[in-house]
Every structure is written in structure tokens, then in C-alpha cells.
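Line by line, the protein sequences are chains A and B.
705 is the number that my numbering gives to position 705 of the first sequence; each next residue is one higher, with no gaps.
So my numbering is basically just the index in the second sequence, starting at one, shifted up by 1000.
Rather than coming from a laboratory, the hints here were simulated on the basis of the structure.
Computed from a predicted model, the values in this text were never measured in an experiment.
Don't be surprised by glycine CBs; every beta carbon is placed ideally from N, CA and C.
Please note that a few of the clues may not be correct.
Lysine-lysine pairs mimicking BS3-like chemistry, simulated, CA-CA at most 27 Å apart [claimed, not checked]: (1) A:LYS166 <-> A:LYS297; (2) A:LYS119 <-> B:LYS1055; (3) A:LYS95 <-> A:LYS78; (4) A:LYS202 <-> A:LYS72; (5) A:LYS122 <-> B:LYS1053; (6) A:LYS122 <-> B:LYS1062; (7) A:LYS751 <-> A:LYS10; (8) B:LYS1068 <-> B:LYS1042; (9) B:LYS1062 <-> A:LYS119; (10) A:LYS698 <-> A:LYS422; (11) A:LYS422 <-> A:LYS14; (12) B:LYS1055 <-> A:LYS32; (13) A:LYS119 <-> B:LYS1053; (14) A:LYS32 <-> A:LYS20; (15) A:LYS10 <-> A:LYS565; (16) A:LYS501 <-> A:LYS538; (17) A:LYS122 <-> B:LYS1055; (18) A:LYS751 <-> B:LYS1269; (19) B:LYS1082 <-> B:LYS1062; (20) A:LYS14 <-> A:LYS751; (21) A:LYS166 <-> A:LYS10; (22) A:LYS119 <-> B:LYS1042; (23) A:LYS698 <-> A:LYS423; (24) A:LYS26 <-> A:LYS751; (25) A:LYS460 <-> A:LYS538; (26) A:LYS422 <-> A:LYS460; (27) A:LYS698 <-> A:LYS635.
Pulled a few chain A residues facing chain B out of the computed Cβ check, cut under 8 Å [said to hold, decoys possible]: (28) ASP110; (29) ASP124; (30) GLU624; (31) TRP669; (32) ALA686; (33) GLU687; (34) ARG689; (35) SER744; (36) TYR749.
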Amino acid sequence: MRDNYAVIGKSVPKIDGRVKVTGQAKYTGDLKFPNMLVGKILTSPHPHARILHIDTTEAERLPGVKAVITHKDVPPLKYGISPARWDENIFCIDKVRFVGDKVAAVAAVDDETVYKALKLIKVDYEVLPAVFDPIEAMAEGAPQIHDEYPRNINTEIHQHFGDVEKAFAQAYHVRTDRFVGQRTYQSPIEPHSAISMWEGGKLTVYTSTQSPHYFQYYIARQFGLPMGDVRVVKTFVGGGFGGKLEPTGLEFAGAVLSRLTGRPVKMFYDRHEMFAHNRGRHRQIMEITSGVDRDGKILGVHANFIMDGGAYTSLGIATAYYAGAMLTLTYDFANYKFDMIRVYTNLPACGAQRGHGAPQPRYAFECHLDMVAQDLGIDPLEMRLRNARKPNTITPNQFKINSCELEECIQQARRLSGWDAKKGKLPRGRGIGIAVGSFVSGAGYPIYRTNLPHAAAIIKVHEDGSAATLYTGATDIGQGSDTVLCQMAAEAMGFVYERMKIVAADTETTPHDFGAYASRQTLMSGAAVKQAGEEVKKQLLAMAGEMMQVAPEELDCREGVIFVKGRPEVNITFGEAAREFFVRKGPLIGRGAYTPPTLGGTFRGAAVGTSPAYSFAAQISEVEVDEETGEIQVKEVWDVHDCGTVINPALLHGQVHGALYMGMGESVWEEVLFDASGRILNPNLAEYRLPTALDMPKITSALVDSFEPAGPWGVKEVGEGATIPTMGCYANAIYDAMGIRVYSLPLTYEKVWRALREKRNADFSQNRQMAEAVPATPDEAARGDGR
Amino acid sequence: MRMVRFIREGGKAMYLPDFNYYCPHSVQEACAILADLGAGAKVLAGGTDLLIKMKHELVVPKALVSLKNIRSLADIGYVEGKGLILGARCTHNDLVNSTLLHQRYLSVAEAAHQMANNQIRNIGTVGGNLVNAVPSADLPPILIALGAQVTLVGPGGERTLPLEQFFTGPGQTVIAHDEILTEVVIPDQSTTGSTYIKFGLRRSGALAVVGVAAAVTVVERVIREARIVLGAVAPTPIRAREAEERLVGNAVSTELLEEAGIRAATACKPISDIRASAEYRRDLVRVLTKRSLRRAIEQGHV
Ligand SMILES: Cc1cc2nc3c(=O)[nH]c(=O)nc-3n(C[C@H](O)[C@H](O)[C@H](O)COP(=O)(O)OP(=O)(O)OC[C@H]3O[C@@H](n4cnc5c(N)ncnc54)[C@H](O)[C@@H]3O)c2cc1C
Chain A
1 MRDNYAVIGK SVPKIDGRVK VTGQAKYTGD LKFPNMLVGK ILTSPHPHAR
51 ILHIDTTEAE RLPGVKAVIT HKDVPPLKYG ISPARWDENI FCIDKVRFVG
101 DKVAAVAAVD DETVYKALKL IKVDYEVLPA VFDPIEAMAE GAPQIHDEYP
151 RNINTEIHQH FGDVEKAFAQ AYHVRTDRFV GQRTYQSPIE PHSAISMWEG
201 GKLTVYTSTQ SPHYFQYYIA RQFGLPMGDV RVVKTFVGGG FGGKLEPTGL
251 EFAGAVLSRL TGRPVKMFYD RHEMFAHNRG RHRQIMEITS GVDRDGKILG
301 VHANFIMDGG AYTSLGIATA YYAGAMLTLT YDFANYKFDM IRVYTNLPAC
351 GAQRGHGAPQ PRYAFECHLD MVAQDLGIDP LEMRLRNARK PNTITPNQFK
401 INSCELEECI QQARRLSGWD AKKGKLPRGR GIGIAVGSFV SGAGYPIYRT
451 NLPHAAAIIK VHEDGSAATL YTGATDIGQG SDTVLCQMAA EAMGFVYERM
501 KIVAADTETT PHDFGAYASR QTLMSGAAVK QAGEEVKKQL LAMAGEMMQV
551 APEELDCREG VIFVKGRPEV NITFGEAARE FFVRKGPLIG RGAYTPPTLG
601 GTFRGAAVGT SPAYSFAAQI SEVEVDEETG EIQVKEVWDV HDCGTVINPA
651 LLHGQVHGAL YMGMGESVWE EVLFDASGRI LNPNLAEYRL PTALDMPKIT
701 SALVDSFEPA GPWGVKEVGE GATIPTMGCY ANAIYDAMGI RVYSLPLTYE
751 KVWRALREKR NADFSQNRQM AEAVPATPDE AARGDGR
Chain B
1001 MRMVRFIREG GKAMYLPDFN YYCPHSVQEA CAILADLGAG AKVLAGGTDL
1051 LIKMKHELVV PKALVSLKNI RSLADIGYVE GKGLILGARC THNDLVNSTL
1101 LHQRYLSVAE AAHQMANNQI RNIGTVGGNL VNAVPSADLP PILIALGAQV
1151 TLVGPGGERT LPLEQFFTGP GQTVIAHDEI LTEVVIPDQS TTGSTYIKFG
1201 LRRSGALAVV GVAAAVTVVE RVIREARIVL GAVAPTPIRA REAEERLVGN
1251 AVSTELLEEA GIRAATACKP ISDIRASAEY RRDLVRVLTK RSLRRAIEQG
1301 HV
């Protein structure tokens, strides 16, 4: 049946591929408007300080400066992307809470003047004690970062499903391990930027965003404007990965500067400022306990986590919930307890990064599971097969899983990688490891409470029938949603991809959509597009029926040709029928909207992690470790995904490669580091080490046959799923290679070197003890020698 | 360490401060301008170090004197009796692609190839790498191992000294503010092999955590002469003399190289920074010394 699709399932070229590779595509930073000013934000040099006085007079006097603003010039209303914890101000009012907190902004005629003006703003601070560690921040007497949150606790979660204590009591083996995940930053290649124009009561913002809708909603709220008076337009976007989901100081300050000056204002973050704005992955301390029976079947799991949230909430409440919620997806167990505390510190705020909340706990769990398997003498892959989730099941935290081919993913990864021939049999220094993952295909509920549909689409067929335009709020940030949705629109209408046009992610011209996050667009925006396409097709077949004197039910339309079913030689073109439709009835338009069904349980936080469908993946990797230096080389990775029906194989595999690349960076190379005063030590691409092309291994991205009943044509997510298993997968491969376990991310060369040295020392003293007890065999003596 | 110094105060400008710009056509003219302007003037070559420092306001020169019009500084040549001459304005990619280097000292071309990334290699220069004098710089160790000399030209004339004596501390050298480094000379020599091993934390675009260069003269498996130079483990590149002494006069063996490695590790004075701990660096010196010796002994100038 699936082979029968005309447009979907094919690797058509990206709809914006040509303009991107030729450099014609315009990003926000490329845009110029007449009279445009340049703006920039002054930020705090202290991690925690009271603002005593701000003097802007000198800056205002500098020729070319058009406006200087502080908290006095902007609405005092607190904002944030998590409605339960609005805790940010456009500019700090009483105090600053991290190095990089927003204090003032300038608009001037050019870059040079702006930078000069920033230096002329005088801010007097009273420096306060600061705290950078979540455990210290919770201690009695720690500096209080927000008055409203005692002991700096931002979010506390305690969930219990089934009875974990009872499960542990009945278990054959119970084990606890503790891991630490590091702070990372999304590092999109394109810096954040925004151009704001406040003209005649209407605010227009061109911006690099993952969600025009949330930007529009929060900007309108901040300035007390009706949403209809705020237009947010996405330009081409050079990556977001979670960091561009919420408006920044650039949009808020830019709007005010534009209103004051009456001119368009362009603002941007440089690389350092991007790191300070952050919203990347949280640092997280993760303790996991599980109880298993004699055969390795998991009976119960307790996850006990603490997160460093940084100075503000950002999307962190969701992150905190996701961290625990998604642990139940991959393995089938009935008893689960999740405790989490997200803590404020005087560091940049953390938020959602690709795989939102899931990758670090997954690293912890997959390492832990390998150790449990080792305790029981079970092969790690076999351990996962024994516990793998089955289709049509419900997790202990009440997520309904429809399609699930995790078992087949594991089996196929096993075959592709040659697991059975390699596990335990590779030469010294080489190792193989496995980990699995799962992710939502869109969140079951939006970020703020609303009953709006999650996605909507309009298709307008051109009056002469030569093309069709899809209007969608879905947000292409490089992942290719414009392409995939046009394929879907063409398929649903019976049209051709090559004649599709798209207008997307402009709150004024396109219908509402929540945007690019939680891997939602192929399923959710796709469902709306399918409905719109089918509405076009229905009207078109009715018209063709009239024209051809055939009942519409007897007609079908495919690749731009309307024909009588079973007699394809009797046909007219899509274009002919569309043109005639316009002549007789006016514009030919199809509409669609998508709202997910009611999902999940009723307990506190039950909404986070719900989704109409879940992707599953198994990853196996082979690594080589230099036993003298600790250097890690990833040789090869096999990723097998269950992502439902595939709309565009090339883009899908591109997503797997990209997600794996990010997971890989977080595994070994990336970490945001701070000095003792909370200043970022590596806010640049030299010392924040994203992997390079030379570091990338050979990747095999494979798929299993799968169909998701909740998704249009059977689709589900892929964009974030492949980030999730990677860290655990490498950690397990390193263990297989060298017999060492690194309990914190990233698994740097030095940490591996250190663990190898500790193991050598331990082995050495153990061997010596044995040698003293019994005469050493030549074999043992050899192993003790320097290893 | 270098990057640590780049940290700016929050909000401090990432914008080039104002400066006057000169682009003279001869070394003499350049020296005269430098002498005239005093300490506030700086030489500009590729700018890959200098302009970044200026953007971060770590240096704020009143004037830049560009070498871009002084063509003679961009040559690589061989002069009988003198040796192989690298003009100070040669880019790293000039070294990477030099046939002369490929024939005589592939090790230098390989060291240049391990630097930065292609964009930086296309514009960053030999002179800049030396005068900038960062302890982790990649060219000094291999050039010192090969006994390179540098020529400095000032308003008062010219002087030549061993590169080994050029560096005095992080970011510090013997060069006077009105002097220009014009060329690096690798003298003719009897060494049978040389190499540089850089240990960075990723495959491209990573500064050296440790760099070890070795140059050896081996005759019938006996080491006649050895020079080992360590980068990124002391305020300047340093010779591992105790290790060298252990080698000379002895037949090549695994134990010997191990021992040289241990001696080099003992001699170095690493610090801890965001890239690595002192302890790790020291052990890397041990491993890389032994590996670089093995490679120079077995494979020639690579
Ligand atoms: C992204 C990036 C990656 C890098 N990676 C590496 C790396 O892997 N390894 C490495 O060693 N370096 C690396 N560097 C540093 C830099 O590229 C090199 O040190 C380069 O060789 C500097 O040369 P330049 O011509 O750009 O020097 P410039 O920036 O022009 O000058 C540097 C200094 O030398 C002085 N100077 C330059 N030429 C002369 C001369 N002829 N006479 C007198 N004074 C002179 C200048 O006044 C200035 O003080 C990297 C830099 C960047 C930006």
C-alpha cells in the first residue's frame, strides 16, 4: 500500500535547497530596511549584584545614539516561556542574577556607535554573594536568588506509580548508580537576531525563531497588545535546537527601541552573548536505582535527580518533568518513582535542547542497565530485548504507546553491526556498545494553557491551476519541514511536489501553528496539511465530475491528473479542473486543523511527555580507545529507527546524522565551563568543542517497517530521537573496550585516561595481593605488569 | 591559557577599537614607521591572533603596520650553504603545500597541516605564530627541533639568533617593538628524522594540549644526536635535555624510548587550565615523547 504513494516516501530535493546553497536565502541578519538602526544590550559583569544606579546620560549624548533604555522605559511585567514561573524582566530592576543578565540597551545609527555607547553607560553595583552549584544553592544560608523561591528551589517533582519499594523488596538484584550530566549549549550556527518595527500601533518582528506563535503570544502579552497587532515573521533560520523557542531581549528591547525612535531596529547576539543567553542543556545529578528479577526483567525503577537550572526558569519546568517522564518509554516495567528538584543558581538559564530532558537520564539509565546486566551475567543486548516495550502498551506514567518496533530496531542493529561476532571479541582497545531511546512526536499539550488547535494549514490553488501554495505556521529551521509538508500537501491533493509553493511561519499570513519543538511538525502540522489537501481534492473532483460528466466517487487524482478509476485514459488535468473551479466558484482553498486527542493521566505533571505517538531507536557504536592517552575515536555507528512512515528518506537520514552529531558532541567534547565568578570560560567555538567533520564516524542509518495509526499516513518523529541513545551508547562501548566506566558527561579523553590509570592501579594491587596468596601463573603475572 | 585571557567582562564590546593603518612596501620602511610611532604601533600579518586580541581589547594599538605589500617576505626558498628559508609572511598553507618542505622536512609541512582550520591556515603566518609566542603554538617545537634560526630586522640593522633563544615567556620574545621578523632558516643538517605530534581535544580546530617535536640522527640503530622540544607544558617551548642526553650514544630500544619519555615528563612544567590538568599533560608528554621519537627514528622526516 505504501509503495503506492506518488509524492511522499521520495527523496525530493529540498524546496529551499537552491537558495540556500547559492547564498540567496536571507536570514534575519541579512535584512536591511530603510532608516534601520542597530541595537545592542548591555549586560551584567557580575553573577549576583544589586543595581544601585544606572547613568545613561553620557551614552545619550554620543552623536548617533538615538535611544538608551533601562528598566524604567519598559513594562515591569515578568515574562518567561513557562507560565507557572514567569521570572524574567526585559531589563533587571533591582538586581542582576548572572554574568550576562540584561541591564540596558542602546539604539544607534551603526554598530560602531552602539558599541561605543554601551561603554558610556555607567552602572553602580553592590556585589552580592553568588552560588553556582545546585546542592550548595539549596543549603541553609545560601544566597537567595529570587525572593519568591526559598532555598532556591524552582521546581520540585515527586511522582510514584505502582510500588517501587515493594518491587525492590521482591527483586533478585537491586543496584544504585549515580551519574552527572553537563551543561551544554545548542550552538546554532546562525546567531540570534531580530528586527523590530513599531509603526502606527502595530509591531512587526522579523526574527530567527522556532515558534512565531509563542513569540507573538509573549510579545503581545508583554506590551499589552492584541495578538492581531503583533506580527512575527520567521526568516530563514540557521538552526535552533531548542534555543530559539522563546523570545529574547532582542525582541523585547528591540520593540521598545523601535517605538521610541520610530525606526526599525536590528539587534543581534554575538557568539559570547549567545552562550550567555543560553537555554541549553541543564547540568544534572542523576541517581538511578532499579530492581530486577533473576532473568534481568526490570521490576521497578527509582530516578532521583537534581538539576542546575541557572538564574531563570526558561522552559526548565518541562525539562525537569521530561527528564523523568521519558525514562518509562523504552522498557516495560510497572513500578516507577521519580523525584526531581530544579534549583536556581547564578549561572545562565537552561532550557530545552534537542531531546529535551531525555538524553542525560537516558545516558544514566543505559549505563546503569549495562551494569545490572553485567552483575547478572546477561549480554547487554539480550537484556534490552528482554525488557523492550511492545506495541499497544501503556507506561506506568500513563503514556499510551501505539506503534513500537523497538525489538526489531534492536535486532536489526544487532545484524547490521555484527554484534554477536564482536561483543567481547574485539581486539584490546576496541569496544562495542548499545543503547536505545524514544521520543515524543509532538507534545500532547501546548506550553501555555489554551484550547487552540496545535496546527492549521491552508492550501490555495493558483487561479490558472499551475501551482498550489501551502500556508502553514509550521517553522522550518533547517530541518526541512517546508519540504516535507509540501510533499504531504501534493500527495493529499493528487498534485506534484515540483509545482508546490509555500508561505510559512508568518503570524499574519499563515494560520496558527505552535512551531518547531518536541518533534511535532511532521505528525501535527502534517495532519493539518493532509486535511487541507484532501479538502482541495474533494472540491476538485466534484468540479471534474461536472466537467467530465462522471460521478466524483468514480474519479481519483494523482500527480496532477484527474482520471476515472480503472480507466486512466479518461482524464483531465488538475490545472484544467482548478482553473474551471475558479471561473465558476471563486478561489479553490482547502483548510485543515489538528488537535491531538485528550492524552495522559490526571496526576500532577501528567501532561508532560504525552504525545499522540512515540518514536523508538536502537543505536550501536564501535569505539577505539587509546589506552595511554584516553583519546576516543568513534569508528562506526548504526542507528536503527522506528519512525513510522517516511515522507522524505534523504531528509530523515539527515536528521539522524544531525541528531547523532549533537549527541556525539555532548558525549565526548562539549561542555560550558565557568570560572569561580560565574563567567563563561569558553564562550566561543574554539574552546566549546563541537565535533568537526574529521571527528565524525561512519554512520549507518536504517529503518524498520512501522505504521503509526495516530499520524497522517502513519508518520512519527525522528528529529530528536537519535540524540537520545548516543551518550549511553558510547559510554557502554568505552566500557566494552577498556573495562572502565566514566560516571559524568562529557566522557573526555582526560576522564578516560584517569579512569584507565585508576583501573591499572586497582588491578595492580589486586594482582599483588593474589600473588602473595598463591604463586602467580605466568599469565597473571603478565597481566599485572603495568596494566 | 590563551583563551582564558579572552574572557571579557559582561557587555564589553566585541568591536575593533580605532587605529591608524599603514602598509609599507619594504622592511626598512616598515621599521621606520614602527620606530617613529613607538610602542603603540603593532605589526599586522594575517591578523588571526592580533585582531582577535584587539576585538577583546587585550591590546589596543594606536596603529597597525601591515606586511601585506612586502612581497619578499612571502617566499620559501633554498640557498646552498645556508639552508631552507621560510619568509615570515608565508602562510601555514604555504608550508603545507611547499614542495621544498615535502622533499626535505615533511615534518614541518605536517605540523602546519595540523593547525587550526583551512581558513586560518590560508591567512595565518609563520612570523605571526612565532612572535605571538603562545606556549601551545604548533610551529615552534618542530622548528626548534630542526635547529632553526630567525632573522630580525630593525632600524639599526639585522640580527640572527637560534629560535630556541627567541622566546622569553608567554606572549614574550626578544623582539624589539620596531623590529620585524623577516625569515626563519632551517640549516642544512645531518638529522635522519623529525616529527611533531600534536595532542588536541578534537581532530581539527583544537589548540595543542601538548605538542612534542623530535629530531634525531640515527646511524646503524645508534642515536648520535637527539633534540626533543615540548610545547604547551611550560611558559615557552622547552628542550627536554635530560631525555636527549639519555638517548645519545645508545642503541634504539623500547626501554630507552620509554625512559626518555619519563625524563621528558619529569622535566616539563605544565599548568592546569580549561583544556587539561597539569597531571594529564605531564603523562601525555611521556607518551608523546616516546611516540615521536619512535616515528622520527623509524620513518624519517614525517
Ligand atoms: C580559529 C583559530 C585557530 C587557531 N589554531 C591554531 C593552531 O592550531 N595552532 C597554532 O599554533 N595557532 C593557532 N591559531 C593562532 C594563529 O592562527 C597563529 O598563531 C598564526 O600563525 C598567527 O599568525 P598571523 O599572521 O595571523 O599573526 P598576527 O595576528 O597578524 O600577528 C600576531 C602577532 O605577531 C606579530 N607579528 C606578526 N608577524 C610579525 C613579523 N613578521 N614580525 C614581527 N612581528 C610580527 C603581530 O604584531 C602580533 O603581535 C589559531 C587562531 C585561530 C583564530
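For each hint, the structure was consulted:
Distance check on the hinted pair: LYS166 of chain A and LYS297 of chain A sit about 15 Å apart at the alpha-carbon level, within 27 Å; holds. Restraint check for LYS119 of chain A and LYS1055 of chain B: satisfied, since their Cα atoms lie roughly 14 Å apart, inside the 27 Å limit. For a cut-off of 27 Å, the pair hint linking LYS95 of chain A to LYS78 of chain A stands: about 14 Å separates their Cα positions. The straight-line distance between the Cα atoms of LYS202 of chain A and LYS72 of chain A is roughly 22 Å, inside the 27 Å bound, and the hint therefore holds.
Only pairs whose Cα atoms come within 27 Å are accepted, and LYS122 of chain A paired with LYS1053 of chain B is accepted, the gap being roughly 24 Å. For the given pair, LYS122 of chain A sits about 25 Å from LYS1062 of chain B by alpha-carbon distance, which is consistent with the 27 Å threshold. At most 27 Å may separate the alpha-carbon atoms for a hinted pair to count; LYS751 of chain A and LYS10 of chain A exceed this at roughly 44 Å. Of the pairs offered as hints, the one joining LYS1068 of chain B and LYS1042 of chain B holds, with about 14 Å between alpha carbons and a cut-off of 27 Å not exceeded.
About 19 Å separates the Cα atoms of LYS1062 of chain B and LYS119 of chain A, which keeps this hinted pair within 27 Å; it holds. For the proposed pair LYS698 of chain A and LYS422 of chain A, the alpha carbon gap of about 17 Å is at most 27 Å, so the pair holds. Distance restraint check for LYS422 of chain A and LYS14 of chain A: the Cα-Cα separation of roughly 38 Å exceeds the 27 Å cut-off, and the hinted pair is therefore not satisfied. A C-alpha spacing of about 25 Å is found between LYS1055 of chain B and LYS32 of chain A, which places the hinted pair at or below 27 Å, so the restraint holds.
Distance check on the hinted pair: LYS119 of chain A and LYS1053 of chain B sit about 18 Å apart at the alpha-carbon level, within 27 Å; holds. Under the criterion of a C-alpha separation no larger than 27 Å, the hint pairing LYS32 of chain A with LYS20 of chain A is consistent with the structure, at around 19 Å. Among the hinted pairs, LYS10 of chain A with LYS565 of chain A is consistent with the structure: their alpha-carbon atoms are about 24 Å apart, no more than 27 Å. Between LYS501 of chain A and LYS538 of chain A, the direct Cα distance comes to roughly 20 Å. Compliance with the 27 Å bound is thereby established for this hinted pair.
Between LYS122 of chain A and LYS1055 of chain B the CA atoms are separated by roughly 21 Å; this keeps the pair inside 27 Å, and the hint holds. For the suggested pair LYS751 of chain A and LYS1269 of chain B, the alpha carbons sit about 21 Å apart, so the restraint of at most 27 Å is met. With a C-alpha separation of about 38 Å, the suggested pairing of LYS1082 of chain B with LYS1062 of chain B is violated against the 27 Å cut-off. Taking the CA atoms of LYS14 of chain A and LYS751 of chain A, the gap is about 41 Å. The hint is violated against a cut of 27 Å.
Distance check on the hinted pair: LYS166 of chain A and LYS10 of chain A sit about 51 Å apart at the alpha-carbon level, beyond 27 Å; violated. Distance check on the hinted pair: LYS119 of chain A and LYS1042 of chain B sit about 25 Å apart at the alpha-carbon level, within 27 Å; holds. Taking the CA atoms of LYS698 of chain A and LYS423 of chain A, the gap is near 19 Å; set against the 27 Å cutoff, the hint holds. In summary, the hint linking LYS26 of chain A to LYS751 of chain A is not supported, as the alpha carbons are separated by about 43 Å, beyond the 27 Å threshold.
A C-alpha spacing of about 14 Å is found between LYS460 of chain A and LYS538 of chain A, which places the hinted pair at or below 27 Å, so the restraint holds. Between LYS422 of chain A and LYS460 of chain A the alpha-carbon distance is near 55 Å, which puts this suggested pair outside the 27 Å criterion. Under the criterion of a C-alpha separation no larger than 27 Å, the hint pairing LYS698 of chain A with LYS635 of chain A is consistent with the structure, at around 7 Å. Among the interface hints, the one on ASP110 of chain A is violated; its C-beta lies about 10 Å from the nearest C-beta in chain B, farther than the 8 Å criterion.
The beta carbon of ASP124 of chain A is not positioned within 8 Å of any beta carbon in chain B (closest approach about 14 Å), and the interface hint is therefore violated. Violation of the interface hint for GLU624 of chain A is found here, the shortest Cβ-Cβ separation to chain B being roughly 13 Å, above the 8 Å cut-off. A cut of 8 Å between beta carbons decides the hint on TRP669 of chain A: the least distance to chain B is about 6 Å, and the hint holds. Look at ALA686 of chain A: its Cβ gets to within about 6 Å of chain B, closer than 8 Å, so that hint holds up.
Interface restraint check for GLU687 of chain A: the shortest CB-CB distance to chain B comes to about 5 Å, inside 8 Å, so the restraint holds. Contact between ARG689 of chain A and chain B, as hinted, is supported at the beta carbon level, the nearest pair being about 5 Å apart and thus within 8 Å. Against a cut-off of 8 Å between C-beta atoms, the interface hint on SER744 of chain A is violated, since the closest Cβ of chain B lies about 15 Å away. Annotation: interface hint on TYR749 of chain A holds; nearest CB of chain B at approximately 6 Å, less than 8 Å.
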